[in-house]
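Undergrad: Residue numbers (the numbering used here), protein chains in the order written: chain L, 36 to 524; chain G, -17 to 236.
No lab work stands behind these hints, which were simulated from the structure alone. Some hints could be false.
Ranges of calculated distance between the beta carbons of each label pair, as one might list FRET restraints [unchecked claim]:
hint : chain 1 : residue 1 : chain 2 : residue 2 : range
1    : L       : Ile359    : G       : Asp96     : 41 to 51 Å
2    : L       : Ile359    : G       : Ser187    : 53 to 63 Å
3    : G       : Ser33     : L       : Pro420    : 48 to 58 Å
Below, a sample of chain G positions facing chain L; criterion: calculated Cβ distance under 8 Å [as the list claims (entries may be wrong)]:
hint : residue
4    : Ser71
5    : Val208
6    : Leu222
Since the structure is predicted, the reported quantities are computational estimates derived from the model, not experimental observations. Ideal Cβ placement from N, Cα and C applies to all residues, glycine included.
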Amino acid sequence: MRTATRVTLLCIGLLLEAGKACAQQPLRWGGDAEGGAPFVEADPANPARVRGFDVEIAELLARGLRREPQFVQVAWSSIESSVERGDFDIGMSGVEDRPELRARHAVSLPYFEFREVLAVRHADSARFRRLTDLAGKRVGTLGATQAYQILLAEQARTGLVPVSYDDDVHPYSDLLAGRLDAVLLDHIIAERSLRRIGGFVLEPEAVATGHYVAVLARANTTLRDSVNDILRTAMRDGSLERTFRTWAVWDDAQARHFARVLSDTARAAATGQSTVTSVAAYVPALLRALLVTVLLSVLAMAIAVVAGAGIAAGRVYGSRISRIILTSYVELMRGTPLLLQLFVIYYGLSSVIRLPAFAAAVLGLGLNYAAYESEIYRSALQAVPRLQLEVARTLGLSELQIFRLVRGPQALRFALAPMTNDFVALLKDSSLVSVITVVELTKETAIYATNIGSWVVPGLLCAALYLVISLPLARYARRLERRWRGSVA
Amino acid sequence: MRGLRVEHGTRVIVSAMNLDLAPGEVHALMGVSGVGKTTVLRALVALQPFSEGTVMIDDVVALRPGPVPRERQLRALRRSIGLVFQAPSLFEHLTVLDNVTLAPLHALGATRADAETAARRLLEELGVASRADALPRELSGGEAQRVAIARALAVDPGILLMDEPTSALDPARRGSLGQALRQLARERGGRGILVATHDVEFAQSYADRVEVLAGGEIVEEGPAAVVLGSPTHPATRDLLRHGEKNNPTHEFNE
């Protein structure tokens, strides 16, 4: 009996401790501080902290739940997949409400209404008032957003050219630089950019409206309901309005939106696309992106081969000065990130030469890979036995003839297999060019995945498309290696 | 060559070396391994600089002391002197026929038809015509050696230098190579042939004259029968003794 009493007391103790631990568990919320104010930004006074209206809403939710808020940095495009895999409880940071999101996750009520607005240069303000005025024109926006979907729909209708960006700063600088004719983005982002860099106007007529929501894991409906209760209370008692006023984003539209939300508690259930429908809808876009990837890789490789051969020849045959210059080039290109080189070529040099995005991508990849190719060719040239060159000299061939007829062809045999491997690597590295607005296979897949809220089908499709190209090439490289292994040993 | 001095770093390979090669003569430049025979041949085809002396062809100075001249200054020399290296070093990416026609086509500007006709005739003379379409890796050591000779002869040089041509041959192949050299020496109004070798038997059988290289100079020279039949210098006697003990046919790799 005494033992039973002890066990009972122990169990009660443990339950109390567990309850306490639960109460003290922080509310982990994910957002992207790179998105900046007024959503989430690093506090200039203390960069270890974040601030913004999403930060304040997270704090409001944590208070309502009697938990401590804890910020988790996550890339904006990964918020949905991260929340689903349990990296944090709630994802916020200007997350846009859309049917696919509601089909795959638990989603809060919409706490803010934004307008998609067109930004155009001053000179164009009269002629580009709405999207229909922009047929055949280049319009930039963030990839995988509602605005991008609007532009894609308009592309099919009028031939407008959507240009996808990974950040919300460069669309506006490219608008001023003349690379774009307009930018379509949320009015909050547009107004922030107008204050920061100016030089353009926002058309008053909104293209569309949308809503920001908090996203939770699909199974986390209990927390979602609590979040909705807290948000409704905050809408009623004015605390949410105060937050938005603090960040200067409150307007009449929000007041009307709050009233609608509070009167419409039974929001219509979302209808998501089935996987089969979504695959069928995205396959043409993925195939187009695959074509971009292949074209980009082939052209970049052509530059890499020609420039690489020139660099290698210069390093093997050139003067000391040319060897120093070429070696410096190779080390610079190999020692700095390709991403940085792409930024410099596309944005850094835009005041000197304004390259189209595709040309900048081809050039950036080509010049980067030329450094790697040159090393392959240099070692291949040096692998040709000296005796072969001496024999050619005693036969009366000039140095150029020796290079063309004896050394080059033999070096090519050493180089061909590693060159093929490099092409496969380039094919995969071409995914980096999305940072300068080229939508290739990986970027298109990311857009697809973000839109449907899952990486499983898009990821498998994307991998299959890459493998369709890279596997035969790898096989070809192995065959070449086998065939020539004995012939130049 | 007159008063040739070749150095390798601080080491003197040969000094004050004289050698006259008359048309139609086969000379054997003999010496133990490492004595500098190959270096002398390389100096004669401007692959190796020399510090003193001159190389003359038909009484005209072809090479002077100093750094190796640029290739464009060596055109006359390249057409006059051919060298067959110890290792055949055929161009691995070309067929036998293409190896032999390469220099006539690109260095002499011959037409393809002429170059191929001449190349097939040379391959026929050297007994490898049937391998014209083979790749070097498909040839035996002896076949490769003969193709290398055909390639050197394709530009029709008046002087042919050969470095240890018998090192990869069995006795039968050595004999046929010797006969071929004698034939080549008689062609085109007399061709001078200088063979660097430590193969005493080969030199005795096929050379007209012998120069023995030791300690950086020619220590004994004269008709092959005299120098190798009644050697006067200890180095020559050593060479003969060494040659009997260490016949180069042991390196046979047919």
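Undergrad: Determine for every hint whether it applies to the structure shown.
TA: Verification of the supplied hints:
1. Ile359(L) <-> Asp96(G): 41 to 51 Å: The hinted range 41 to 51 Å holds for Ile359(L) and Asp96(G), with Cβ atoms some 46 Å apart.
2. Ile359(L) <-> Ser187(G): 53 to 63 Å: 56 Å, holds
3. Ser33(G) <-> Pro420(L): 48 to 58 Å: 28 Å, violated
4. Ser71: Check passed: Cβ of Ser71(G) comes within 5 Å of chain L, closer than 8 Å.
5. Val208: With Cβ-Cβ at 32 Å, over 8 Å, it is violated.
6. Leu222: Given a least distance of 31 Å, the restraint on Leu222(G) is violated.
In summary, the numbered hints that this structure violates are 3, 5 and 6.
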